[in-house]
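Visitor: Protein sequence lines correspond, in order, to chains A and B. Residues 1 to 416 in our numbering are what the first sequence lists, from first letter to last. Residues 1 to 416 in our numbering are what the second sequence lists, from first letter to last.
FYI, nobody ran anything at the bench for these hints, they're computed from the structure. None of these values were measured; they are calculated from a predicted model. Among these hints, one or two may not hold up.
Any copy, or any two copies together, can satisfy a pair, since identical chains are not distinguished.
[What the hints assert, rightly or not] List time: in silico DMTMM-like cross-link candidates among lysine to aspartate or glutamate, alpha-carbon distance up to 20 Å: (1) Lys-248 / Glu-55; (2) Lys-157 / Asp-257; (3) Lys-48 / Glu-169; (4) Lys-347 / Glu-318; (5) Lys-345 / Glu-318; (6) Lys-112 / Asp-198; (7) Lys-111 / Glu-189; (8) Lys-367 / Glu-380; (9) Lys-48 / Asp-10; (10) Lys-48 / Glu-58; (11) Lys-244 / Asp-74; (12) Lys-157 / Glu-398; (13) Lys-112 / Asp-75; (14) Lys-48 / Asp-74; (15) Lys-386 / Glu-109; (16) Lys-243 / Glu-263; (17) Lys-112 / Glu-189; (18) Lys-125 / Glu-97; (19) Lys-111 / Asp-198; (20) Lys-83 / Glu-58.
Number of protein chains: 2
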Amino acid sequence: MNAEIITIGDELLIGQVVNTNQAYIAERLNTAGVFADRMTTVGDAEGKILSAFAEAWERSGVVAVTGGLGPTHDDITRACVCKFFGTDLVLDPQALENVRRIFLRRNQEPKKINEEQALVPRGCKVIQNRLGTAPGYFFERSGRFFFVMPGVPYEMKGMMDNFIIPFFEKIDTGLVIRHRTLKTTGIAESFLAERIGDVGSLFSAGSGVSLAFLPNSAGVRLRITARAPKISEAENLIRDVEKKIRDKAERYIYGADETELEEIAGNILASKKLTLAVAESCTGGLIADRITNVPGSSGYFERGIVAYSNASKIHELEVPSSVFEQYGAVSKEAAEAMASGVRIKSKSDIGLSTTGIAGPGGGTAEKPVGLVWIGYSDREKTFAQKFIFNGQRRIIKERAAQAALELLRRTILKLE
Amino acid sequence: MNAEIITIGDELLIGQVVNTNQAYIAERLNTAGVFADRMTTVGDAEGKILSAFAEAWERSGVVAVTGGLGPTHDDITRACVCKFFGTDLVLDPQALENVRRIFLRRNQEPKKINEEQALVPRGCKVIQNRLGTAPGYFFERSGRFFFVMPGVPYEMKGMMDNFIIPFFEKIDTGLVIRHRTLKTTGIAESFLAERIGDVGSLFSAGSGVSLAFLPNSAGVRLRITARAPKISEAENLIRDVEKKIRDKAERYIYGADETELEEIAGNILASKKLTLAVAESCTGGLIADRITNVPGSSGYFERGIVAYSNASKIHELEVPSSVFEQYGAVSKEAAEAMASGVRIKSKSDIGLSTTGIAGPGGGTAEKPVGLVWIGYSDREKTFAQKFIFNGQRRIIKERAAQAALELLRRTILKLE
């Protein structure tokens with residue numbers, strides 16, 4: 001069953017608010033076998049709202065609308081719904097009771113505009129709102145559904161999770177959909193595509209499977225999507241394609257779905273009972289920040305040194321000043337000395353370091369902006385690897401931090 | 001001039017990725033006098049893309065499209081643009097040179113699919129992409145404009161900021177709009193609203209001015225918007241409202257528009273020729289990361305210590321172990337000792353520290369999750385301030401980092 005999602009609100013059209021509601025609704029519907037194929041955002045203007053309703057209702061089995069159900073003058077969605085379905089408003093006693101309950105909890109008396117929130121379009125089915133005063137509702141016409149929900153994210157989520165998703169799970173929509181995202185790093189999108197080869201070798205056209213390449217500063221995500229009549233069939237399709245992709249590109253895949261590289265690396269450190277210390281120059285604390293986003297990281301993360309000045313590299317990390325004189329602060333030798341310095345000083349098992357030129361200034365022909373050396377040291381070996389990253393200062397920091405965590409993961413796991 | 005924004009990508013329709021691009025484009029166009037009145041998202045499917053193009057181009061003076069310009073099989077936007085405008089592809093030499101430049105920097109040879117990124121629809125005007133391999137482009141037809149940009153956010157932003165906005169600023173669109181955002185921190189939205197009072201005292205209805213409260217983990221932004229026939233009129237309206245707000249809430253306002261607190265604090269340090277060192281426990285490197293996002297921060301940022309273990313607090317920061325025994329690692333005394341320790345050790349003018357419980361575990365009735373002590377030390381004084389932040393681990397880190405930078409700013413400026 002296909003769906004269109006309509007979000008209403010001037011704040012979205014001027015870019016003041018990022019539209020997280022439509023992503024949430026799409027993701028939830030998707031798991032219940034209802035596939036959004038268009039999302040539309042319009043402002044609080046009757047003509048625009050009615051034409052968006054008409055277009056979507058013409059094309060789709062499910063229309064999901066949010067926003068503009070509040071009590072103030074600029075909330076006109078309810079009036080538009082009445083006009084669209086040629087109906088008027090009627091009081092819903094349960095919604096009224098809910099408004100009064102909410103105000104009672106706040107020790108306040110509801111005003112007239114609050115109680116009017118309990119008016120709903122005649123002929124709709126009401127979706128009660130335990131978390132706010134505006135009820136949702138829906139219309140059914142010949143097996144097609146038109147849902148209306150408030151735009152306050154947690155109220156909308158309550159209705160999606162407690163009413164709309166269970167509602168569709170009881171209906172046989174014919175097809176289920178499952179996704180699996182493999183996360184790669186250290187390989188450009190085009191090289192990854194070449195390595196994986198023709199998608200026809202992964203799955204045949206019409207099998208219900210698709211593959212998407214999604215690049216960002218952390219790497220390229222490979223999203224496998226399967227549609228099938230049964231969950232088990234969709235999962236089998238995905239498992240098969242995942243195996244084929246892994247056969248070709250396993251070495252670049254660090255994780256799957258929502259897992260971040262810092263969790264993967266942290267879990268490896270924890271399971272091997274290894275401790276880590278980090279010495280950062282160009283990444284400026286971003287590696288430590290990411291590592292410490294993981295609950296429990298204090299179990300393996302010993303300390304981080306953000307050695308921005310040469311003095312701090314010398315004093316904190318015991319990098320010999322001759323290294324700077326001979327090779328410069330951005331060099332293989334400096335990265336290695338920083339990694340072993342922080343490891344020895346902190347009595348950690350592993351030291352990890354970065355030194356580079358994040359820009360925008362400071363680059364030379366020989367050492368351009370984007371040049372980064374990443375150093376690794378443990379009891380057996382110390383080495384550094386050279387990278388050249390594209391992008392602006394922040395992007396270079398992000399790419400360098402990601403590359404450092406990946407170098408850590410690969411080295412501990414002894415991947416080539 | 002009205003605009004429609006079309007974002008393309010299956011990842012948006014399944015809710016895997018929140019659509020931040022459309023908000024960015026809307027916001028930027030808006031400042032240039034181009035008002036989005038509809039946003040549409042469709043998947044990587046030719047029929048859906050072409051019908052979205054046709055509908056938008058029929059209704060709007062400006063159509064802005066992003067997504068689906070990558071080199072892999074699932075990127076079909078360019079082919080759809082060609083079909084829509086009845087044209088074919090032609091090589092753009094400058095775009096080709098850009099592809100080669102980017103690969104050269106990585107010491108790699110571009111492949112055929114990379115070089116094919118330089119093919120653009122015949123008859124378009126090319127928008128060069130300094131940050132990636134896919135060029136953007138636009139068509140002009142009778143004073144109406146159809147823009148196509150890559151979906152990678154920073155590449156799209158580069159094109160918006162460096163090309164499209166300056167382009168529209170040169171065109172007379174009839175009504176100009178100006179925004180001004182005052183950034184506050186350390187005060188809750190409802191208290192700030194109470195302090196500012198009735199908006200009727202700031203501007204009258206129908207004056208073309210509006211005010212929005214936009215809270216996030218860094219604080220509450222106050223956004224003033226003015227529409228007027230001339231830039232100077234809009235700017236005067238804004239200046240007047242800004243003055244009235246500042247009269248009432250100046251002490252909470254640290255900056256305006258896109259400026260981040262780390263830039264403000266960094267500029268103050270630079271202008272006063274002060275150096276800074278940071279000792280972070282619960283913020284885990286986030287303060288150092290933010291400070292080093294600012295170009296030129298190496299001029300005043302001496303070093304950061306992410307002292308996650310007690311051992312590192314003792315050895316790196318010379319916090320006496322008796323402090324931990326007597327008061328615990330999360331205490332006023334520990335924060336003060338960390339701030340003065342990092343200052344003295346690094347020979348910096350100022351030391352800043354954080355110690356707290358970011359959660360989810362580790363809280364007690366006496367020291368709950370969200371408790372953070374922030375310490376400050378200079379040659380004259382050392383003190384620490386207590387905060388209790390709401391939210392999950394990452395939000396607590398963000399709020400604590402923001403509060404630490406604000407404490408730094410206010411203390412150096414001797415604000416009460």
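Visitor: Between Lys-345 and Glu-318, at a C-alpha cutoff of 20 Å, which is it: within one copy, between copies, both, or neither?
Guide: both (8 Å within a copy, 14 Å between copies)
Visitor: Could you figure out if Lys-48 and Glu-58 sit no more than 20 Å apart (CA to CA) within one copy, between two copies, both or neither?
Guide: This pair counts as both: shortest intra-copy Cα distance 16 Å, inter-copy 15 Å.
Visitor: As a check of your reading, is Lys-48 near Glu-169 (CA-CA no more than 20 Å) within one copy, between copies, both or neither?
Guide: Neither, since 32 Å and 27 Å both go past 20 Å.
Visitor: Go through the copies and call it for Lys-157 and Glu-398: within, between, both or neither, with a Cα cutoff of 20 Å.
Guide: Cα proximity of Lys-157 and Glu-398: across copies only (17 Å, versus 24 Å in one copy).
Visitor: With identical chains treated as interchangeable, where does the CA-CA distance between Lys-244 and Asp-74 reach 20 Å or less: within a copy, between copies, both, or neither?
Guide: between (52 Å within a copy, 18 Å between copies)
Visitor: Under a CA distance limit of 20 Å, which applies to Lys-111 and Asp-198: within one copy, between copies, both, or neither?
Guide: Close across copies (15 Å), not inside one copy (62 Å); limit 20 Å.
Visitor: If the cutoff is 20 Å on CA atoms, where do Lys-48 and Asp-10 land: within, between, both or neither? Let me know, please.
Guide: within (11 Å within a copy, 25 Å between copies)
Visitor: With 20 Å as the alpha-carbon cut-off, assign the pair Lys-112 and Glu-189 to within, between, both or neither.
Guide: between (54 Å within a copy, 13 Å between copies)
Visitor: When no copy is named, should Lys-83 and Glu-58 be tagged within, between, both, or neither for a Cα gap of at most 20 Å?
Guide: within (16 Å within a copy, 25 Å between copies)
Visitor: Checking Lys-112 and Asp-198: alpha-carbon separation at most 20 Å within a copy, between copies, both or neither?
Guide: Only across copies: Lys-112 and Asp-198 sit 15 Å apart there, 62 Å inside one copy, limit 20 Å.
Visitor: When no copy is specified for Lys-125 and Glu-97, does a C-alpha distance of 20 Å or less occur within a copy, between copies, both, or neither?
Guide: Answer is within; shortest intra-copy Cα gap is 17 Å, inter-copy 60 Å.
Visitor: I want to check one pair: Lys-248 and Glu-55. Are their C-alpha atoms no more than 20 Å apart within a copy, between two copies, both, or neither?
Guide: Result: close neither inside a copy nor across copies, 44 Å intra and 42 Å inter.
Violation of the numbered hints given earlier is confined to hints 1, 3, 8, 16; the remaining hints are satisfied by the structure.
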